[in-house]
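**Student:** Below are the chains, spelled out letter by letter.
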Amino acid sequence: MRLIIGLAILILGSTGGEIAITHGMKSVGEPARLRPLAVLRFLGRAVRNGWFWAGVPLMALSFYALLVLLSWEPISLVIPASALSYVAGTLGAKFILGEHVSAARWAGVILVCIGVALVATG
Amino acid sequence: MASEARLRIKTLVMVLAMVVCANVGDLLLKRGMSQIGAVELTAQGIAQAFRLTVTNPTIWLAIFFLIGFMISYMTVLSWADYSYVMPAGAFGYAVLTFLAVIFLHESVSPRRWVGVVLICVGVLLVGQTKPRTTEVPTEVAA
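Chains A and B, in that order, are what the protein sequence lines are.
Under this note's numbering, the first residue of the first sequence is numbered 1, with each subsequent residue one higher.
Under this note's numbering, the first residue of the second sequence is numbered 1, with each subsequent residue one higher.
So here's chain B without its partners, still in its complex pose (with noise of 0.2 Å):
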């Protein structure tokens, strides 16, 4: 069926650009917050940590990934089922483990990559099944 491929491909873009701007946000906002330095909790402590973290761009581009994170969840979310989106969003901490490897080369313990076997089979497993099983209306009218 056609309808059902497109529905197919179009849940899997949408879940792999909530992945990507996840983790891409996530990973500039540890580093944007490593910029700026542990935080003391006093008032001015938390005034001067604010202003730092509203000048900083690395934080504006984390800010940017994280509203692209949550388009992409809000959209996948108007036609896909909530427990096909959500163990497929887990594939993020296999794809970050992965990153680290490559990149960074970090050595992986034998107990993580386990895991991260664990969540691609589990993964897979969801992939297959519909995306949608329940009734959905097309485009509300406005």
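With the rest of the complex left out, here is chain A (with noise of 0.2 Å):
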């Protein structure tokens, strides 16, 4: 049980931070052009962004989460299960941010799920 609930914090909290942080990067918008200068300025928009540190601490706490889980179970079985934040943000993108997922773009997030769950254990 403590181990699904872990899980849990860890995608969900990984999803949902870097699901804010996007939110929050859209609604700044994009540098006018890919210059030191204008990325500075474009930061200095990004931190002054309520969605930029609603995500940080969720990011952080997922982080936690991933120590935590570190400790009780064997890395073999928590970096493959953690993979499923693939599946996890692309929901959130399809459903949250409104993102448009097409089937191709599903197979590929699938299929990188399940190698980064078997580069991790191999």
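Don't read these hints as lab results, they were simulated from the structure.
It is possible that part of the hints are untrue.
Said to hold, decoys possible - Keeping only pairs whose Cα atoms sit at most 30 Å apart, straight-line, the calculated DSSO-like set for lysine-lysine is:
| hint | chain 1 | residue 1 | chain 2 | residue 2 |
| --- | --- | --- | --- | --- |
| 1 | A | Lys94 | B | Lys130 |
| 2 | B | Lys130 | B | Lys10 |
| 3 | B | Lys10 | A | Lys94 |
Said to hold, decoys possible - If you anchor each label on the Cβ, the simulated ranges turn out as follows:
| hint | chain 1 | residue 1 | chain 2 | residue 2 | range |
| --- | --- | --- | --- | --- | --- |
| 4 | B | Val114 | A | Ala104 | 20 to 26 Å |
| 5 | A | Ala54 | B | Leu52 | 31 to 37 Å |
| 6 | B | Leu16 | A | Leu43 | 16 to 22 Å |
Cβ coordinates follow ideal geometry from the N, Cα and C atoms, glycine included.
Join the two chains, each given in its own frame, into one complex according to the hints.
**Tutor:** This is the structure we're talking about:
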């Protein structure tokens, strides 16, 4: 049971945090050009965005859950299970951020998810 | 469409920067922490580890690269889909495996090679899709 709760915090924390940061960056708007000054101005606006600061503690929570899980369970279980965040992230992108996830993108995400699990346990 | 091609190229460049910064940063962090050695979990041990960490140049170089990762990650997400950037970032696992074989002469299990192939095919599939499927404001008035 604690394993399931830990994994849920790990996956939902990182996914939720990254979705909040993505939403924040989208509302900040992309830098007009990729020059150091324009990127610095962009970062200045980004760190004043509330969604960014909503995302950071969620990602920190997820990292903490990872450390705790690694102290309970073997890494060969924890890392492949955490690869499920690719699927969770894609679901979040589709239903929360409103991104269009085509069949090709879904197929790619699922291959990456299985591949990361295999690499981590190889 | 010229702007479509430009979007794709700048997204790929930023994802590449993300992957390189994250992996180099992680490797340097690992090297720096192994220079410091195992941390004793007492108040004194942690205080000493902290002192050694903030005075270690390798750790600072690692932090520099990890900040570079965070900046490229935030920047690319300001125009590209999360569902595009996230799986594309997994390309780093494949790169790490190749680096380990070429430079460290590590032997890699068949299981891990299968994983690397799946990641590469998956990233290529995602990479073919449009990097952006939502409307994004360009440069919000400051």
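**Student:** Work down the list of hints and note, for each, if the structure agrees.
**Tutor:** Do the hints match the structure? See the list:
| no. | hint | in the structure |
| --- | --- | --- |
| 1 | A:Lys94 to B:Lys130 | holds (14 Å) |
| 2 | B:Lys130 to B:Lys10 | holds (13 Å) |
| 3 | B:Lys10 to A:Lys94 | holds (23 Å) |
| 4 | B:Val114 to A:Ala104: 20 to 26 Å | holds (21 Å) |
| 5 | A:Ala54 to B:Leu52: 31 to 37 Å | holds (34 Å) |
| 6 | B:Leu16 to A:Leu43: 16 to 22 Å | holds (20 Å) |
Hint compliance for this structure: no hint is broken.
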